[in-house]
Structure formats: structure tokens, C-alpha cells
Amino acid sequence: MYPQSMQESIKRLDATRDARIKQGKIPLLGPEPKKELLHGFHPDYIQSSMRALSVGPNKGDQTPHEIADVLEAWPLADASRFDPAHPKFDVDVLVIGAGGAGVSAALVAAEHGAKVLTVTKLRIGDANTMMAQGGIQAADKANDSPERHYLDVLGGGHFKNVPELARALVSDAPGVIEWLEELGVMFDKEADGTMMTIHGGGTSRKRMHAARDYTGAEIMRTLRDEFRNRQLELVEYCVAVELLTDEKGACTGAAFVNLETQEHFTIRAKTTIIATGGCGRLHVQGFPCTNHYGATADGLVLAYRAGAKLGFIDTIQYHPTGAAYPEQIFGLLITEKVRGVGAHLVNAEGNRFIYELESRDVTASAIIRECKGRNLGVTTPTGRFGVWLDTPLIEVLKGPGAVKKNLPAMYHQYERFGIYMDKEPILTYPTQHYQNGGIIIKDSGETGVKNLYAAGEVAGGIHGRNRLMGNSLLDILVFGKRAGSAAAEAAKLVTLDGSGFKHVTAFESELKAASVPTERRSPMLLPEYRRDEFKTPLPFAALGCE
Amino acid sequence: MAERSQKSEARSKKAEVTDTKKPDSSSLITIYFMGQAYQVPKDLTIMKAMEYAGFRFIRGCGCRGGFCGACGTVFRTKDSYKLKVGLACQTVVEDGMYLTQIPFYPANKKDYDIAKEPANTQVLVRFYPEVMRCIACNSCTKICPQDIDVMGYINAAIRGDIAKVADMSFDCIMCGLCASRCPAEIVHYNVGLLARRLYGAKVAPKSPHLAERMKEIKAGKFEPGLDKLCKMDEKELSVLFYDPKTRDVEP
Numbered sequence: 046m047y048p049q050s051m052q053e054s055i056k057r058l059d060a061t062r063d064a065r066i067k068q069g070k071i072p073l074l075g076p077e078p079k080k081e082l083l084h085g086f087h088p089d090y091i092q093s094s095m096r097a098l099s100v101g102p103n104k105g106d107q108t109p110h111e112i113a114d115v116l117e118a119w120p121l122a123d124a125s126r127f128d129p130a131h132p133k134f135d136v137d138v139l140v141i142g143a144g145g146a147g148v149s150a151a152l153v154a155a156e157h158g159a160k161v162l163t164v165t166k167l168r169i170g171d172a173n174t175m176m177a178q179g180g181i182q183a184a185d186k187a188n189d190s191p192e193r194h195y196l197d198v199l200g201g202g203h204f205k206n207v208p209e210l211a212r213a214l215v216s217d218a219p220g221v222i223e224w225l226e227e228l229g230v231m232f233d234k235e236a237d238g239t240m241m242t243i244h245g246g247g248t249s250r251k252r253m254h255a256a257r258d259y260t261g262a263e264i265m266r267t268l269r270d271e272f273r274n275r276q277l278e279l280v281e282y283c284v285a286v287e288l289l290t291d292e293k294g295a296c297t298g299a300a301f302v303n304l305e306t307q308e309h310f311t312i313r314a315k316t317t318i319i320a321t322g323g324c325g326r327l328h329v330q331g332f333p334c335t336n337h338y339g340a341t342a343d344g345l346v347l348a349y350r351a352g353a354k355l356g357f358i359d360t361i362q363y364h365p366t367g368a369a370y371p372e373q374i375f376g377l378l379i380t381e382k383v384r385g386v387g388a389h390l391v392n393a394e395g396n397r398f399i400y401e402l403e404s405r406d407v408t409a410s411a412i413i414r415e416c417k418g419r420n421l422g423v424t425t426p427t428g429r430f431g432v433w434l435d436t437p438l439i440e441v442l443k444g445p446g447a448v449k450k451n452l453p454a455m456y457h458q459y460e461r462f463g464i465y466m467d468k469e470p471i472l473t474y475p476t477q478h479y480q481n482g483g484i485i486i487k488d489s490g491e492t493g494v495k496n497l498y499a500a501g502e503v504a505g506g507i508h509g510r511n512r513l514m515g516n517s518l519l520d521i522l523v524f525g526k527r528a529g530s531a532a533a534e535a536a537k538l539v540t541l542d543g544s545g546f547k548h549v550t551a552f553e554s555e556l557k558a559a560s561v562p563t564e565r566r567s568p569m570l571l572p573e574y575r576r577d578e579f580k581t582p583l584p585f586a587a588l589g590c591e
Numbered sequence: 531m532a533e534r535s536q537k538s539e540a541r542s543k544k545a546e547v548t549d550t551k552k553p554d555s556s557s558l559i560t561i562y563f564m565g566q567a568y569q570v571p572k573d574l575t576i577m578k579a580m581e582y583a584g585f586r587f588i589r590g591c592g593c594r595g596g597f598c599g600a601c602g603t604v605f606r607t608k609d610s611y612k613l614k615v616g617l618a619c620q621t622v623v624e625d626g627m628y629l630t631q632i633p634f635y636p637a638n639k640k641d642y643d644i645a646k647e648p649a650n651t652q653v654l655v656r657f658y659p660e661v662m663r664c665i666a667c668n669s670c671t672k673i674c675p676q677d678i679d680v681m682g683y684i685n686a687a688i689r690g691d692i693a694k695v696a697d698m699s700f701d702c703i704m705c706g707l708c709a710s711r712c713p714a715e716i717v718h719y720n721v722g723l724l725a726r727r728l729y730g731a732k733v734a735p736k737s738p739h740l741a742e743r744m745k746e747i748k749a750g751k752f753e754p755g756l757d758k759l760c761k762m763d764e765k766e767l768s769v770l771f772y773d774p775k776t777r778d779v780e781p
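Here the protein sequences line up with chains A and B, keeping their order. Count the first sequence with my numbering and you get residues 46 to 591, in order. Count the second sequence with my numbering and you get residues 531 to 781, in order.
If you are wondering where the hints come from, they were derived from the structure by calculation, not from laboratory data. Quantities reported herein were computed from a predicted structural model and do not represent experimental measurements. Each hint should be verified, as a subset may be incorrect.
In silico DSS-like cross-links for lysine-lysine, where the CA-CA straight-line distance does not exceed 30 Å [what the hints assert, rightly or not]: (1) A:354 with B:758; (2) B:758 with A:205; (3) A:450 with B:736; (4) A:251 with B:765; (5) B:736 with B:646.
Let's have the full structure, built from the sequences with the hints guiding it.
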């Protein structure tokens, strides 16, 4: 179903396939060419896309405008509508967010005997976890080791990662796979039980475990089912709009609004875990994103106001391959597994231009260079551009039927639009995918705010300046479990005394001093995709719903 | 100056993601959300068309990428009695489309301890005896937006074939549309979920290399190496990382 204009380029791609197979692997870039490529074409290096924060713990730090806009913003909700002295729920551990990190934190906290309550903005499982397709890394094969995994993680992160966090990530990885298997996650295996593992961008060993191309969905639906079986307490469609703190600044729970009824209520908790995910829906630099509808950086905002320091917030991961055609799925994720199983990246002339499994920042930059720097992209009828992913090549390399078998979700996605990726290539361009940084944590999930923990994409430091494929599903489970355990144990020692919005008042003075415009409010809660004439002014829009 | 133009270029790109570009009015079509007519551009997905029309989703919108099952939608097209389905995030609007979303379905779900349940031929029927009520009408299969042979795996569940149910139901996104159509009140997706969990935990062969690695980790085998790596600075790590002798890449 490609228009004629694009089919010309497909012919060139078909014509070069045999030669490209013979060409073999393109050498990996050394440190210097890599640096040059990143500085020239990676969106993180566009200085005008950032500004220094004028308030809060990271005052002075360069931050993308879109993230700065929610951090340097006035509270969305009216504090006077909450009564922290009379909480609706009183628990040991409060988990905010019910994606992979939140649910695993809740499961583990409950195992430690804590009274746990999980509250989420949308449904349990509505998270980027559900959308992660490609896989989860773990060094569990004889030719691999956690040390090797560590080196890959650090190299991918440009050696800026917090060592204790990267160490926790790689050390816990095989245990996480074992845990998931016990819960019934169906990993792809050989008949003798050997895990079928492949490379991801930046890996030196094939350690990407997958459940077809539904890896995140398979993990999330299993964890969610386990959560329900254990009858853990859950509140859905209620969004955290502020944290609560005591006189000394320790976290004592959070304030919520029910998105459907507008009820305002508070929850008192001895310890609180923020697991609210990333910021894709802020659309940094106007990029489309692969993220869930709820990925609006709410947790970052709440923790920041309470005094938690953020790290690496100036680095966003652009997934090299978002869909560039057809228009209806523009920006959606084309899993790295497509390249993992052998598809080449090919420009309009039919030529390769980068080793397909460089780390994501490098590959994305190379695609941007091909389109913007060298004018060798393929143009779509709506004026977008991209490069080909030669998916029919997978059938040549792995045998007929390999595309459908390895990439059923992707195949289905394109089939809906009359594109058969076992016979035709697909067009891709980088898309905003992941928040590399976040709230700085310790390896227990503790943040800089007492009794406040963070896990998952909202946390930062683990991946340094760039995350490798398959380390995010791993991260959410490693740090979800660690935070669940640490928060449950810490709760045993906490005696609550008073609770309020003192930190918010203090933050407001900073906002005032920095002359932040009062109409700028956050957290965002939900993205706004309606036409301008429908956008509602405050205060209705303040609660994200009408 | 260059900086400013880059910035405004970045900002102007917002239009790409919000789909709020003023459409060519000749391309507008009429669709009906729960009976109410709206004019929307013809190339949008149902989800983007609803947003164009002025709706802001709370329910009925999730991953926007076809994985989460939040936006199951039932519709008819002009002059047809046939009910069709699709995910609102994946289905393109058609002129005269009559639609409603089914964002939630009150499904029957049993609690179980997966560690304690045997993966035998009776277990699926024991938890979900209503599968035996299947009248083979095939409504579930016909409505599945994932093109899963739903009735086929319910048949396999009746036979107690856990592996088959697990395999056939694998692409399920639990949108609930099958259950909404079932005259026997089966909740197909929960049957599939139980089968997959039993398969993953009990039927699939164990990985010897994973068990071996767990033993090594418990014995502290990698601790000295990690101690050393954690103390290295950027320069030392960089040398190890870029030297094929210390970090060779598996072909």
C-alpha cells in the first residue's frame, strides 16, 4: 500500500539486498566518530532546546524546555481543598503508579508484611511497561557475566551512570528472570529450556530475553494478575497532585483527585513510593512519542517540589525507529528486536549507513544525519521523512515465516494498514521514547526526601546518559522490588506526626521570586490533544478533566 | 539568531504531534459517537477523531499503540447490519461510522496461587467451568481485534490442553470484547491468562543456565569483579569498553 513515490525507493532497496547481506557487519564506531555524530545530530545537544532551572533542588541545571515548564510551575490543585489531618486511607506503604515498577513494589512490600495501597491515575497496567516489546536483559548464560553486563551498561550510558545503581541492575537481573518465570511469564525458549536470547543495541553478549514481541505486555499482565490474586488494595483513576510532608520535610503520603468524580482526598503513609513513569507525553522538542497516554512526568514534579534532586534530566532517549509511515501510526514504536533479528537500516538510495545495533543515541543520530544532514531520507506523501528498515531481509536470513513468528505484534500493526512487512520494508524515524534521567535514588530506591522512594522510569542515575534496550524492563523490576522491600522495612520504624503542604508553600515562594507566570501549572495529569477552541481555561482544566 | 530559529522550528513541530492542523474542509466526513454526529477529517484514527471533535479521554484511552486493550470500540458502517470492532487507536474512521467504546467489562476472574496449582488437564475447567457452556457460535473469534482464534483456544481449554491455550491466546490484549459477545458468559481472556501463567511457570522446560547463574550469584562469584569495576573511573572503563580483547562482541 505504498504510494508510487515510495515504491521507487523500495526497488532500490530490493536491488541492493544481496550485496548488503554479503557486506556483513559495519564496524562499531570508536569514541571520536561517535562523539562527533552525537554532537552533530543528537537532539540532546541542541543548546536552544534547554534552559537553566530557576527554582528547586536543581536550580541552574540545563533542562529541556518542556520538562522545565512542568518543574517551574505553580501547583495545579488548590491545597485548601485537602484535609491532611483526616486522610481517606492510612497505610504503611503508599505506591503511586501501577505499571511494572509500582506493581512489583506493591507485591514485595506486601510480602514484607506492610499494609500497602496502590493508587494509579488510569488503570493498573496502563504504563509504558505494557508497550515494551523487545525484551529484558540478564546475564544468565555461560559466556556472559554480570561484570560484562555492567561494562555494557556503563558504555551505553557514556560512563556517567551511578555505579551502585548499575551494579544493582546487573546483579539482580538473573534473579528477576527467575522470579518472573515462577510467576508464569512465558519466555521464548529452546526445547531444552535454553533461553532464546538475541543482541540489543550496545550489548556485547546475546542476553535479550523475550516473550515474542509482547515482552512487556506478558510481564505486565502476569504481575497484574498476581496483584489481583493476592487481593492487594488498589485505587484507580485517582491522580496524585501533591506529596504531603511533615515539619521536618519527610514525606507522609500524598494528595489525590479522583479524575471521574473530582473528589479531593489525602492518603497518609509511613513511606511512599513514586512509580509514575516517564515524560514522553511532554513531547520534548516536538517529537512524537512511543509512550503511554499517562506519561506526563507527574512524579518528577511532585518529588521536585518536596526537595528531591533530579539527575540526567537533560538526556532524553529517542528510539531510533518510530513509525514514519503510515500517518495513523506516526511515532509509534518499532521494536529494536526488528534489528535484533537482522533487519538493515537503509537510506533512500538502498544503502546502509550505520551498524544497526549501535546504542540507541548513536543509531538515532545516524538516522537524523541521513535525513537532515545528507538528504538521503525517503519522503512520505505528507512531507515526513525516514529511512527504511529492511524487514523482508529477516525472511531471507531466518527463513520464510520468521517475521510473523518473531514479530507478531509488529506484523499485525502494519497489516491493519495494508503493509506486509515480510514482503515490504517499513519506514522509520526517531521518536521520543524514554527519560534517561529522573529522581536520583540510592540502590534501595531511597530519594533525597526522607521516607520517599522512587522506582522505574521516574528514577534516574541507573542508565547514565543513555539506556540500552532491555534494561528498562529490567530496571523497573529490580528497583521496584528493591523499593518495595526497603519502604516496607522502613515503615516499621516510622511514627507519623503531622502532615501538610509546607514544602509546597516554600516552593511557591521560590516560584514567586523567580517570577514564574502563575498560569503555568503542573502536574500535567493528561496530555491535551484537542483543538485549541476546545481547550478549557483554569480552573476546570486544572484537574485535567471537565 | 541561529539559535532562535532552531528554537522556533522545534516549537512549531508541535503541530505534528497534536494533529491540530486545520484540515481541508473537503476531507471532512461524518461519524457518530454514541449516536451524536461529528465532522472529522477522514484520515484520522477513531481516537484522534474523537479528540479532534473535542473529547478528552479519561477512560477508553491507554497506550495509544495497540497493546493495552483500553480502547476497544464497537461500530457499524453505513447501510450494514454487521457489528464490527477495532481498537480506537488503530482503526481509521469511515464516513457514516456509528460507534461506541467499551472501556470496561465486568469480568469474572478467579483468584489462585499459581505456585500451588497443578498444570493438569482439569485445572482450567475447575476455575472456569463455564467454558463447558461454549455453544461454538464463534462470536468471540469474529470480534477479536487481535485476530486470535478465541473459540479455538476455548476448545483447547475444554480439552485441558494448557500449552495450546497458552500459545493460541498469546497475542491477547485483554480488551474484553470477546466476553462482551459471549452467550455462554465465558471470560475468555482470563482463561487464556491462567493457561499462560501455568505454562510459563510449570510446563515450559526450565533453563539450566539460569539455575547455574543463580548459584554463582548466591556464592558471590561476581562480587570481586564488580567491586573492581565500580571503582574504575571513566578513562579506565573506556579502555576496557573499546578494547575488543576485554569486550569482544558475540557474533
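Margin query: If you test the structure against every hint from before, which numbers come out violated?
Written below: When the structure is compared with the hints, none of them turns out to be violated.
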